[in-house]
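Chains as they are written, first to last, in my numbering: chain L, 8 to 116; chain R, 4 to 113.
Incorrect hints may have been included.
Short, incomplete list of chain L residues facing chain R, as computed with Cβ under 8 angstroms [as the list claims (entries may be wrong)]:
#1 50
#2 52
#3 87
#4 90
#5 99
#6 102
#7 103
#8 104
#9 105
#10 107
#11 109
With a cut-off of at most 20 angstroms between alpha-carbon atoms, the simulated SDA-like pairs for lysine to any residue come out as follows [said to hold, decoys possible]:
#12 103/L <-> 12/R
#13 12/R <-> 49/L
#14 108/L <-> 71/R
Keep in mind the hints are simulated off the structure, nothing from the lab.
All of these numbers come straight from a predicted model, not from anything done at the bench.
No residue lacks a Cβ here, since even glycine has one placed at the ideal position from N, Cα and C.
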Amino acid sequence: KNEVEQSPQNLTAQEGEFITINCSYSVGISALHWLQQHPGGGIVSLFMLSSGKKKHGRLIATINIQEKHSSLHITASHPRDSAVYICAVRDYRDDKIIFGKGTRLHILP
Amino acid sequence: NAGVTQTPKFRVLKTGQSMTLLCAQDMNHEYMYWYRQDPGMGLRLIHYSVGEGTTAKGEVPDGYNVSRLKKQNFLLGLESAAPSQTSVYFCASSPDEKLFFGSGTQLSVL
C-alpha cells in the first residue's frame, strides 16, 4: 500500500467548475505539500501545510491531521489550471519526502 | 539567486556507461533529494541528504550512489547504467518545510 494516496487519478471538468482533489497518507508527518506540474514542465510548489487551511487566489488547501487527509480545491476552474497536481508529505521520523502519484486535471473550455 | 540547478538537462547513455548528475542550490538549504519520475509511478525517492556529509537511501536506491561533500551540491551517480534507469530525474532542496525543485534531467539508457 502506498503511503500517500491521491484521488481521483484523472479528472476532466468544464471551465468554471469547483474542483476537489484528495490526499490521504498513512505516516506521521511534519508537513504536507501540494505541487503542480504542467506537461513537459517543472514542478512548482503551491502550498505547504502543517495544520488548518491556506488560500492563494482561486486555490484552497486544507488538512486534517487527525484524519490524515488533505484536500486541494480550485474555484472557478480555468483551462490554464490543467496540470498534474501532486501531494507530498514529509515523514517526521526521518525527513523523507514521499509523493503521491498525482492527479491529472483537464479543464475543458 | 539561481535556486536549484540541475545539469545536464538531457543525456543519452549506452548500457554499462557511467555518469553523474549534479544538483546545485545557492539557498543554503540543509535538505536535498533526488527523485525519478516514470509514467504512472509518480515521483519516487532515490536518495536524500539532511546535511553536508550525510546521505540516506530512499525508496529506489539500487543502481545509484550519491555524495554531499559540499552543502550546496548533491551528486547522483550511475556506475553502470541500465535501460531500467531511463527516466526523468528531479532534484529538490528544502530549508525546513518548503520545497524547491530543479527543472529535471531527461536520461535515456539504450
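Right, here's what the structure says about each hint:
1. Checking residue 50/L against chain R: minimum C-beta separation of about 4 angstroms stays under 8 angstroms; hint holds.
2. Interface restraint check for residue 52/L: the shortest CB-CB distance to chain R comes to about 5 angstroms, inside 8 angstroms, so the restraint holds.
3. For residue 87/L, the interface hint is violated, the least distance from its beta-carbon to any beta-carbon of chain R being 20 angstroms, above 8 angstroms.
4. Contact between residue 90/L and chain R, as hinted, is not supported at the beta carbon level, the nearest pair being about 14 angstroms apart and thus beyond 8 angstroms.
5. This hint is violated: residue 99/L has a C-beta 11 angstroms from the nearest C-beta of chain R, more than the 8 angstroms allowed.
6. Taking 8 angstroms as the C-beta contact cut-off toward chain R, the hint placing residue 102/L at the interface holds, the least distance being around 5 angstroms.
7. Look at residue 103/L: its Cβ gets to within about 6 angstroms of chain R, closer than 8 angstroms, so that hint holds up.
8. Of the supplied interface hints, the one on residue 104/L holds, with its beta-carbon coming within about 6 angstroms of a beta-carbon of chain R, less than 8 angstroms.
9. Because the smallest distance between the Cβ of residue 105/L and any Cβ of chain R comes to about 7 angstroms, under 8 angstroms, the interface hint for this residue holds.
10. Given hint, residue 107/L at the interface with chain R, holds; its Cβ is 6 angstroms from that chain's nearest Cβ, closer than 8 angstroms.
11. For residue 109/L, the interface hint holds, the least distance from its beta-carbon to any beta-carbon of chain R being 5 angstroms, beneath 8 angstroms.
12. Restraint check: the Cα-Cα separation between residue 103/L and residue 12/R comes to about 25 angstroms, which exceeds 20 angstroms; the hinted pair is violated.
13. A distance of roughly 12 angstroms separates the Cα atoms of residue 12/R and residue 49/L; the hinted pair therefore holds under the 20 angstroms criterion.
14. For the hint pairing residue 108/L with residue 71/R, the CA-to-CA distance comes to about 28 angstroms; that exceeds 20 angstroms, so the pair is violated.
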